[in-house]
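Colleague: Starting from the structure of chain S, add chains C and R where the hints point.
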Amino acid sequence: MSFLRNAWYMAAWDREIDKNPVPKRILGEPIVMYRTGSGVAVALHDRCPHKAVPLHAGRIEGDLIQCAYHGLRFDSRGVCRHNPHIKGSPDTLCVRAYPLAKRHGALWIWMGEPERANVNAIPDYGWFDVDGPYAVTQGYTYVDGGFGIMMDNLLDLSHAEYLHPNTVGTPGSSGSLQTSVVAGDDYVTVKRKVFDLPPSVVFRPHWSRSERIDQVSDMTWRPGTNLLLDIRLRAAGDDSGNGELHFPSAHILTPETERTTHYFWAVARNFKQEDEGLTLAINEAFQQTFTGEDKPIIEAIQRQFDIEGNDVPVANFTIGDGGGVRAKRMLAKLIADEQLVRS
Amino acid sequence: MSFLRNAWYMAAWDREIDKNPVPKRILGEPIVMYRTGSGVAVALHDRCPHKAVPLHAGRIEGDLIQCAYHGLRFDSRGVCRHNPHIKGSPDTLCVRAYPLAKRHGALWIWMGEPERANVNAIPDYGWFDVDGPYAVTQGYTYVDGGFGIMMDNLLDLSHAEYLHPNTVGTPGSSGSLQTSVVAGDDYVTVKRKVFDLPPSVVFRPHWSRSERIDQVSDMTWRPGTNLLLDIRLRAAGDDSGNGELHFPSAHILTPETERTTHYFWAVARNFKQEDEGLTLAINEAFQQTFTGEDKPIIEAIQRQFDIEGNDVPVANFTIGDGGGVRAKRMLAKLIADEQLVRS
Amino acid sequence: MSFLRNAWYMAAWDREIDKNPVPKRILGEPIVMYRTGSGVAVALHDRCPHKAVPLHAGRIEGDLIQCAYHGLRFDSRGVCRHNPHIKGSPDTLCVRAYPLAKRHGALWIWMGEPERANVNAIPDYGWFDVDGPYAVTQGYTYVDGGFGIMMDNLLDLSHAEYLHPNTVGTPGSSGSLQTSVVAGDDYVTVKRKVFDLPPSVVFRPHWSRSERIDQVSDMTWRPGTNLLLDIRLRAAGDDSGNGELHFPSAHILTPETERTTHYFWAVARNFKQEDEGLTLAINEAFQQTFTGEDKPIIEAIQRQFDIEGNDVPVANFTIGDGGGVRAKRMLAKLIADEQLVRS
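Each protein sequence line maps, in turn, to chains S, C and R.
As numbered in the working numbering, residues 1 to 343 make up the first sequence, in order.
As numbered in the working numbering, residues 344 to 686 make up the second sequence, in order.
As numbered in the working numbering, residues 687 to 1029 make up the third sequence, in order.
Take these hints with a grain of salt, some might be off.
[As the list claims (entries may be wrong)] If you want the ones that stay clear, here's a sample from chain R, every Cβ over 10 Å from chain S, calculated:
(1) R691
(2) E715
(3) E747
(4) V765
(5) S775
(6) G978
(7) A986
[Unchecked claim] Cross-link-like lysine-lysine pairs, in silico, DSS-like; alpha carbons within 27 Å at most:
(8) S/K24 to R/K879
(9) S/K295 to C/K362
(10) C/K536 to S/K193
(11) S/K19 to R/K981
(12) S/K19 to S/K193
If you are wondering where the hints come from, they were derived from the structure by calculation, not from laboratory data.
All residues carry an ideal CB built from backbone N, CA and C; glycine is no exception.
Same shape as in the complex, but just chain S:
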């Protein structure tokens, strides 16, 4: 599986990028990001078109980035604006610029045909707006494993009971579960509801309304590889929505290469929004969950694929398999269609 190019990928948290050039590989390509003197975040191919030096080795001069090797300077559209070694206009020399948009506290990059980049197609992560009504905490986990393995991980939450019993998993949930898959033209949602169980470890301190709860967990994937988990906690048997805890989380995958992934995540909540200690504790719990528990398993799977190939059966061995299978098939079809058009 290669990459879907005509899609928005998260390139960085907005707060990551300042006037120091930041290198990052995305869909295998070296990208440099920086912020101009005017405050605009820019993404360019991280390779000077003259001698292939990574532009991130250079520095920002006003609104231009200057190559460390021979001093050529490029603007935010990638056009050379300064070449001290020639007479005449330098602007026939260009480096590729990538559309980059800020939304929901993140910077989104478009790796495909620039004319098709439409910021309205950036997936809605409104719950995670840093100045919105919810409390939000952001994180990042580097994963030495491919995005397909991570899609399987996120779209089948039945693993939480086994891999995350001390954080987000709900022991006993496999025995008290409704699950279904809903799909449209551009999404797959795995709807999951567990009934009449004690809350998981992370929710226990924040729930006093009842001893037992129902928990709705809807995970939605949208192309390229952007996922959102909508969790709602309710008193067991109470479907009114009154007093429910709303605890959505963003799970945004950006392929670094075919076998490595930038995993951006954020967690929002509709309760105790002012409690910064709680925000920090939630960040730490999810850091432990994703970096300490999911990442080693995903990387172990990737190493297995490296050794023996990735020919894993797609049959529904667990109830939750269906969503991942369906989303990966939809993504594979989108990629095939895109490559057909291009060839």
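Modeller: Leaving out everything else, chains C and R in the frame of chain S:
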């Protein structure tokens, strides 16, 4: 050269395996070994058939191994006995189980067709039985070099005089030597006898019968890559066998990959069996010999092969070359025959 | 681009080689160098023809090198002179010997057809003779980048103003510059002169004749990959040559592999020859320039080539590009001609 599959390979010393799953690659395949609650040592393909997670990341539950990711449990024959996510029998899901047999203090694995696994075909290493009449010490050396290089090493002991002058080598032996090669359907033995020399450094403290000795050193290879060295020390000129030191050593090679090898070794003796200090000293001397002296040379040869190929002449440049050449040819033929049958 | 084989490459500084065998890869081949008891420097293929052990793991016995594994000994022409394991003459066994010549304080190796090795074809680095009239300091920088990138670096000194402003670069030079390329059958020279500027940081302490200077910098490449930079500092406007500082430097590239390079360098001067503190300071300044400033850029370019290929445009985007383009084309033609003859 690939691998001979229908053969017994040593997988571990018996004492290595307890209820914590142990991963090990053998003939390139990831294997997990563990001991069930009933005490049976088990070898399975180290890859859950559901999502390819290495089973060694999980834990033992009674006689079953439980996958860390979704909680599936497999028995010692590799059959799924527990899948909490489905209704109905889980036993259509299987992981490959490998025949594993305990003999001579070691666990032996059969990587080929299971129906051909016959424990009577495990090579006889009776001198190394931990409860036998000899004193025995076991060791292990990981070698970043292929088994073919190691077969050459072991079947041509003429290197000992040069590479091991301070341990097992007998300086001057190339000048006072009889050597011959004997081969049968399933073995090659290099018979080597040095005459009328002082004993080597490791034997000197244990020999007081005469100033000069004769030393018989018969190295036998059996397929796949199991070797045994039968050393007997005698007073020079005395072929009666009376009062001889018998000092057999096991040299059991298990390919990890085509270019890396598990080297299991053991040393037994028929003298001072109760002297545990001596047992320890012998272990340290052989650790030094194999890990400190042979391993760097073998790994240097492997690096040369990596750079320039392994097209080494097979002509008998030293007297001892013949045994290694013959054993490698016999092994190559066995592999070719096996692959012919399979295709 | 592969390698030009019929050419002299610098293998080591003469002072590097003593009676301990030194391994080095040159044009991808493992070479061992040592000095015999008679003081002759020798270069052999670093692979015993018996079992492929690197000869550098052995030791020197008189004028012979002895393999660590089975004790075979080879002379400086690569002929086996001692094989303790056979009767009769050992000299049918040979290892390849490479012509090796001492000149200008360096050892030069000929990797091509031995009969074409002519020491008179070693490029003239007479200014760097250690017993000549100039003060000389030698250095070495290992570069994880290919020789083609380094040829571009050295043949286009317009980078110095940007990459080396605090050492050898002359700020403002791109605005006050004459440059031209002169080429013959076996060389390319980039002639460069900057006018009426303050001296660069490294020259400032040694120049008191005038506030502003003219600087001539002629860089010459000769096949395989041997470069020489002839720098002369003059009072601005004074072309008489009287009182000029002469500051030649040797830039000798020896490919280790296609993508890594041994960079031998030396700096000579016609002033304050006795000042050893100055010699040391110059060595440190150039170590900083080459190892601290050029090497990271060259290695960053190599990593870009590893990721995205080396299809860098050859158009003259900077004035200085022409020399590198021309030398690389000439070298490519020499290589193609050589391979044509061989095939």
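Colleague: Check each numbered hint against the structure and report the violated ones by number, ascending.
Modeller: 7, 8, 10, 12
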